[in-house]
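Residue numbers (numbering that gives the first Met the number 0), protein chains in the order written: chain Y, 0 to 148; chain L, 0 to 321; chain S, 0 to 139; chain V, 0 to 327.
Check each hint, because a few of them may be wrong.
Said to hold, decoys possible - Mimicking DSS-like on lysine-lysine, the simulated pairs with C-alpha atoms at most 30 Å apart in a straight line are:
{"#": "1", "chain 1": "V", "residue 1": "Lys-285", "chain 2": "Y", "residue 2": "Lys-74"}
{"#": "2", "chain 1": "S", "residue 1": "Lys-119", "chain 2": "V", "residue 2": "Lys-124"}
{"#": "3", "chain 1": "S", "residue 1": "Lys-100", "chain 2": "V", "residue 2": "Lys-134"}
{"#": "4", "chain 1": "V", "residue 1": "Lys-136", "chain 2": "V", "residue 2": "Lys-195"}
{"#": "5", "chain 1": "S", "residue 1": "Lys-64", "chain 2": "V", "residue 2": "Lys-289"}
{"#": "6", "chain 1": "L", "residue 1": "Lys-233", "chain 2": "Y", "residue 2": "Lys-21"}
{"#": "7", "chain 1": "S", "residue 1": "Lys-16", "chain 2": "V", "residue 2": "Lys-144"}
Hints in this document: simulated from the structure, not taken from any laboratory.
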Amino acid sequence: MLDRPKHLRKIKFLNRLKNWVKLTSINVYCFSSGCCGDEILATYGPVYDLERLGVNFVSSPERADVLMIAGTITKEMKPILEDLYNNTEDKKVVIAVGSCAINGGPFYKSDYILNGVKEIFNVDLYVPGCPPRPEAIIYSILRYKERFK
Amino acid sequence: MILKNLLLKALYFLLFLFLGVYIIIYLHKKTLAHMQSRRGPLQTGFHGILQIFSQILKSLLNWPKLFTSWQDLSNNIGVVISFTFAILAFLLIPLTEDIFLMNIEMSLPLCLSFIMISNMGAFLSIKKVKLNMNKMTALLDRISTVLIFSIPLFISSMGPVIVSSSFNLFEIVRAQSRFYNILYQPLSFIVFLLSCSLLWQRLPVDVPKKDTYFNTDYLSTQNRLNYQISTISKYINIISLLILGTLLYLGGWNGPKILHPLIWTIIKTFVLQVILLFLYTIIPRISGFRKKINLSLAFLCLLSFLNLLIIIFLVLYFKPIF
Amino acid sequence: MKGILRSLITVTRNTFKRPVTVLYPHDRIMVPYNSRGSIQLMVDPDTRKILCDGCGQCEKSCPLKLISIEVDINNKKLKSFYIDISRCMFCGFCEEACTKKALKMSFNYELTEKDFSALKYDIKKLTKHARPKLRKFWKT
Amino acid sequence: MNPDFGYLRTGVEKIIEGIEIDNVIPFINRVDNSSAISVELVYCIALENYFKIEVPIRAKFIRVILSELSRISSHILFLTKLANALGMNMPLHYCLREREEILHLIEVATGSRLTPNFVRIGGIKSDLSKQFFDKLKEILKGFRKKVHELRVFFLENELVVNKLNNLGVLVKEDAIKLAISGPNLRALGVSQDIRKNDNYEIYDEFNFKVPIGDRGDSLDRCMVRIEEIEQSISIISQALYKVPEGKIRTYGEVNTQLMENIYSHVECPHGELGMNISVSEGRIAKLSIKGPSYNNLFAFSKAVIGEKLEDIELILASFDICVCEVDK
């Protein structure tokens, strides 16, 4: 092993600490509607207990690391979603749950529907399914963890 | 030298305080989870011990943002006030006969008033609150609840004071060496517990914002660090109120001499905490200004006055017992 | 007071039961055999060829028209098979329409992707779980 | 108070126009997210009545069992919402735990937890195995006890009863004017149930009561739903031992000519769910859904008048409004 200079070692330690923190405590802000909302409620429940993985559902977007957007998204919701994304302090990870939030889903022909969240802002993870099982939602959070490993 | 000793002692106390806060948060989460037939925090560390540590660390890594703009410091001053007063209130409380920081004559009322101030302090920080009517009503609602429920808290704590005839916490505990206060004043014990629990907003069970009419609150617009600090100060308040409850009614560090007196206080506080957790999860939350006033003035205050009358009667006619 | 005490007793009874939590990544709930997960193209276990011959029944039956098939006119062989999973509502009509049992809904529900383009499944992705692994008998 | 809705409008009724009859079901079962199978049932019953297709008895039994299961799951979801509004953390999690068992049963039967694409014109998609019936018997045995636990939390706890009593009272005249149906109407004391009055499947073979309240406050609405859970458990346990062997689906002739205004209705967990269909050449020409939640929303805005501001969330939860169904 080569000896690294001291200041570099310190920076490396800080980075590792930051990564560990991001791995072990994830604050999620949920914006959900319809049947995908029911499945997210199930992940909060006792059978698929999300708290054991270090996930907290947070009441304001300012404290969130992950924005989880689930269910049908209409054109009337667009200003609300934009407000929600702009109010956040850092750059957030966005997870789109369900085929409605990914690409309009079964209602993509309708005039009232937005074709997915990707039209408003950048989406990092897509979770297909209509609605996806609660395990699939948990798996997306495990995938989110992978990027810090 | 005296100052140096005092500082060292204060440091020890703070260490104990933070460890205690940490353990109480962890136990709150874990016991609640098992009551709900869940597992609770599990992955980080042994049975998720480190999970809360990482949560706190996460907000602390954000700290440079607090000092980037000095104009904003005035907005954060409320959080600082609530934190410092919460710590000050804790430092006044003795844990055993030997472990204490200071011995003041008026320690009980000072401690209670500090807790009240620290509960009110967070309202001074109205960072980014666009003054909606909703948010203003929520804010006023919080202030009013703190004021309302501190009245029965003060009155009910006068019961043990009359028995020991001093405001000093040491004297109150020494007076209970034969009989614990809970035996002949259970009414004031119940009032004390209820008003305590209403003061700290049912914290582990409910998110504090849920207590108000709307889903807007002064906390929901604060940034991560402010929110974390204010929740930690609330947990410190929980600890100090729980320990006060044990000192006033459950006999404090008195107990069979099998165990160290410090362990007795810890066991008693834990029992109190579990009782409160059970009560929270079944009793629906109290909302509405009128209901709160009715509960505090018509029910809790009346009960505590009744208790005072009984105690005065007992002290006057059966003094040799005490 | 009686009701409060009774509810307290039920809570205490539940606290000492075993928690029902399923620790998902390590052990998981048995998915029923007819559960509708991701779509896969079945493969003949002996010849290792795709069973689908591109008759186009599933293309017609899909209510959202997400399936697109191309067939070589000369060989009558499957050229390309695409399913746009991003809009799919997992109704299972394509599975019912297939006469040769070449399409099947599998147990796999872990479909999370990073790219949007990866949600358009081609033959390689559709047969990923269906194709049996080759076993090496002779080491050379 | 005027409700402001339309944030979840999908326009399903417009999208469906021009789609073949068989392919409609997966679109319309997204309308009601808490009990999707009742929407499928209305659609199929309407077309069966028009074409005079006789559904096999085994299929009818299985339809009844599945619709009652989804009624139980929907009512338990209502209880979680109520517990959340009350601030009681314990019953919320117990409700979610019990709901998960029933959702698992539905998944074993149909293949999906919330959107079973299962009912077909003239029968059902696939037969249920013996394994499913064994599982049902096993779960139903312990389920009565669990419902009794929930009853202790909501109806016997004095503090909860005091809070819900005389809260959000709906007057009978208002209810009739707004054409309310379902448990919210039954809480007023009107015994109106389409399962009894117009037995659309084989509901006349089962013994069950229609639970009724007195005043129509939030406590009655909660009580009626909890008692309905028990009634539907008894229906399922009666149906379990009567299920005959036989076919599951009859393939009747479907005319491709024009036909208009076929109407049918069904008792879904929220109330009366009606559907008006007109078909031309094997494709849907027009389809309109009459959901119960739309009327219930306006009933809520009537019941709120005169109540305090802090109780609004509770009253809204007690009406059990499915937002997807209001906007469609």
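> Given the proposed pairing of S/Lys-64 with V/Lys-289, does the C-alpha separation stay at or below 30 Å?
Replying inline: Holds, because 28 Å separates the two Cα atoms, which is no more than 30 Å.
>> Against the 30 Å threshold, does the CA-CA distance of S/Lys-119 and V/Lys-124 hold or violate the hint?
In response: Roughly 28 Å separates the two Cα atoms, so the pair holds.
>> Between the alpha carbons of S/Lys-16 and V/Lys-144, is the straight-line distance 30 Å or under?
In response: Distance of about 15 Å is within 30 Å: holds.
> Does the structure keep S/Lys-100 and V/Lys-134 at a Cα separation of 30 Å or less?
Replying inline: holds (29 Å)
> Keeping to a limit of 30 Å between CA atoms, is the pair of V/Lys-285 and Y/Lys-74 held or broken?
Replying inline: Holds, at about 24 Å.
> Within 30 Å, alpha carbon to alpha carbon, are L/Lys-233 and Y/Lys-21?
Replying inline: Holds, because 25 Å separates the two Cα atoms, which is no more than 30 Å.
>> For a C-alpha distance cap of 30 Å, please report whether V/Lys-136 and V/Lys-195 respect it.
In response: holds (25 Å)
Checked against the numbered hints given earlier, the structure satisfies every one of them.
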